[in-house]
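Peer 1: Sequence lines, in order, name chains A and B.
My numbering numbers the first residue of the first sequence as 37 and each following residue consecutively.
My numbering numbers the first residue of the second sequence as 57 and each following residue consecutively.
Worth double-checking, as some hints may not be accurate.
As the list claims (entries may be wrong) - To be clear about the criterion: a stretch of chain A counts as covered by chain B if any three or more of its residues have a C-beta under 8 Å from a C-beta of chain B, and this derived list gives those stretches:
1) 56–67
2) 214–226
3) 239–249
4) 252–258
5) 322–330
The hints are simulated quantities; they were obtained by calculation from the structure and are not laboratory data.
Values in this document were obtained by computation on a predicted structure and should not be read as measured data.
For each residue, glycine too, the CB sits at the ideal point set by N, CA and C.
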Amino acid sequence: MADFTMPSLGADMETGKVVEWLVKPGDRVKPGDVVAVVETHKGAIDVECFLDGVIDELAPLGAELPVGAVLAMVRRAGEAPAEPKASHPAAVAKVVGAAAAPAAAPPVVLPGLTRVKVSPAARQRAAALGIEADVLRGSGADGAVTLADVEQAASRSAALSTPRTARRGFDPALMRQAIAAAMARSKREIPHYYLSATVDFGAAQAWLDDHNATHEPLERLLPATLLLKACAKALTEVPQLNGFWRDDAFQPAAAIHIGWAISLRGGGLVAPAIHDADRKTLPELMAALRDLVQRARAGGLRSSELTDPTLTVTSLGERGAESVFGVIYPPQVAIVGFGRVVVRPWVCGGAVLPRPVVAVTLAADHRASDGHVGGQLLAAIDRALQDPATL
Amino acid sequence: MNEAQIRALAAQALADIAPEADLASVGDAEDLREALDLDSMDFLNFVIALSQKSGLKIPEADTACLYTLRGLVAYLAGR
Chain A
37 MADFTMPSLG ADMETGKVVE WLVKPGDRVK PGDVVAVVET HKGAIDVECF
87 LDGVIDELAP LGAELPVGAV LAMVRRAGEA PAEPKASHPA AVAKVVGAAA
137 APAAAPPVVL PGLTRVKVSP AARQRAAALG IEADVLRGSG ADGAVTLADV
187 EQAASRSAAL STPRTARRGF DPALMRQAIA AAMARSKREI PHYYLSATVD
237 FGAAQAWLDD HNATHEPLER LLPATLLLKA CAKALTEVPQ LNGFWRDDAF
287 QPAAAIHIGW AISLRGGGLV APAIHDADRK TLPELMAALR DLVQRARAGG
337 LRSSELTDPT LTVTSLGERG AESVFGVIYP PQVAIVGFGR VVVRPWVCGG
387 AVLPRPVVAV TLAADHRASD GHVGGQLLAA IDRALQDPAT L
Chain B
57 MNEAQIRALA AQALADIAPE ADLASVGDAE DLREALDLDS MDFLNFVIAL
107 SQKSGLKIPE ADTACLYTLR GLVAYLAGR
């Protein structure tokens with residue numbers, strides 16, 4: 037048996053709440069399956085399970101559980117079914133009254149013992165409350181369901197039936213707290229250094245204009261796509277900035293998963309991963325960006341998208357400021373910022389010409405790298421943007 | 057399409073992108089991107105939705121006509 041635990045969905049997360057199970061006890065799960073919806077300060081996140089086997093003993097809905105708490109057990113192929121542990125907190129009442137059940141989160145019925153002893157008082161009270169006593173896990177002698185068990189199940193059901201204002205969205209106040217915690221930790225622990233460079237965006241803009249003029253709106257690309265790809269490509273040349281600071285050492289990441297900072301309407305920010313950004317084509321990156329923005333705002337980000345970023349990119353877009361110096365999201369070691377593309381006088385072949393340019397910045401962890409390496413990354417981003425056809 | 061139909065179409069297109077935004081509160085000459093806080097992705101999605109809902113091709117070069125309600129109404133009415 038393997039434990040499926042509450043994942044840490046970022047440096048700032050301490051607890052989470054399972055609000056929906058998307059599997060039933062006894063279901064087969066494969067690595068990467070979304071099995072549960074966990075409510076965090078970043079909204080409701082689709083949590084993936086990376087175990088292979090049969091899932092069982094699902095934790096109750098609605099309880100605030102710490103990171104690392106066991107949410108379910110997964111029996112690997114070939115393992116014999118184990119007796120459910122009496123101490124496991126997985127007993128959930130099956131609420132019979134429809135009014136008591138939240139529409140979005142049907143209560144999970146756990147496989148109880150085949151014959152359950154229920155004390156007469158407990159059965160009477162359960163009937164009055166509309167709870168099926170036979171599915172409860174008993175704490176009495178011989179595992180009998182007692183009056184206390186019924187009362188406890190009822191209070192859990194009551195907690196479950198509290199209406200949630202937004203099932204998939206996020207709470208701006210909680211989001212603010214999460215950002216505050218992560219950013220304060222970053223500035224407390226990470227000695228940032230900062231670099232900036234102004235990059236000629238002329239070649240990239242010409243390529244982009246040409247592409248967009250000949251494509252339907254759905255196939256058009258934003259400048260952000262080119263900036264993202266240029267950054268991912270540059271990281272293949274300067275891997276010293278792609279990874280994590282853990283246990284007083286830099287740990288390079290095996291792949292390039294760019295955390296893309298998305299501003300949420302109504303306030304707040306989340307930076308989910310675009311996996312293997314260096315290996316995606318520009319149309320693939322555009323599709324990934326569109327999908328991420330949509331899910332970041334409406335809910336439905338996956339747990340791996342919150343845990344996997346190896347470097348964050350913040351791009352301000354066409355209405356943003358001219359440059360941005362980011363705050364590193366721990367345990368990452370760098371954040372790249374792209375300002376708005378602006379037309380400025382630019383010296384080109386001995387003449388001053390109007391030219392679209394973009395300010396590219398880097399904030400990096402001085403424990404993990406020095407400014408020389410940071411400068412190499414900015415230079416590599418510049419080079420990549422001068423040759424847009426190869427992006 | 058007449059003006060009322062175009063305005064209704066624009067409101068529909070916006071509903072999926074910025075559900076809380078109220079097109080009625082935006083002046084005809086105001087830049088929609090500023091007034092409704094639409095970023096580059098939002099505005100591109102708005103153009104996609106307008107194109108799909110109206111069945112009209114909207115070349116990239118024409119998208120600047122859609123920045124204001126006045127421009128948008130004139131552009132779609134003329135097509």
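Peer 1: Now look at each hint and say whether the structure bears it out.
Peer 2: Status of the hints after comparison with the structure:
1. 56–67: Three-residue rule not met by the stretch 56–67 of chain A, so violated; n is 0.
2. 214–226: violated (count 0)
3. 239–249: Held - the stretch 239–249 of chain A has 3 residues with a Cβ nearer than 8 Å to chain B, which meets the minimum of three.
4. 252–258: Satisfied; 5 residues make the cut.
5. 322–330: holds (count 3)
Hints 1, 2, counting from the list given before, are not met by this structure.
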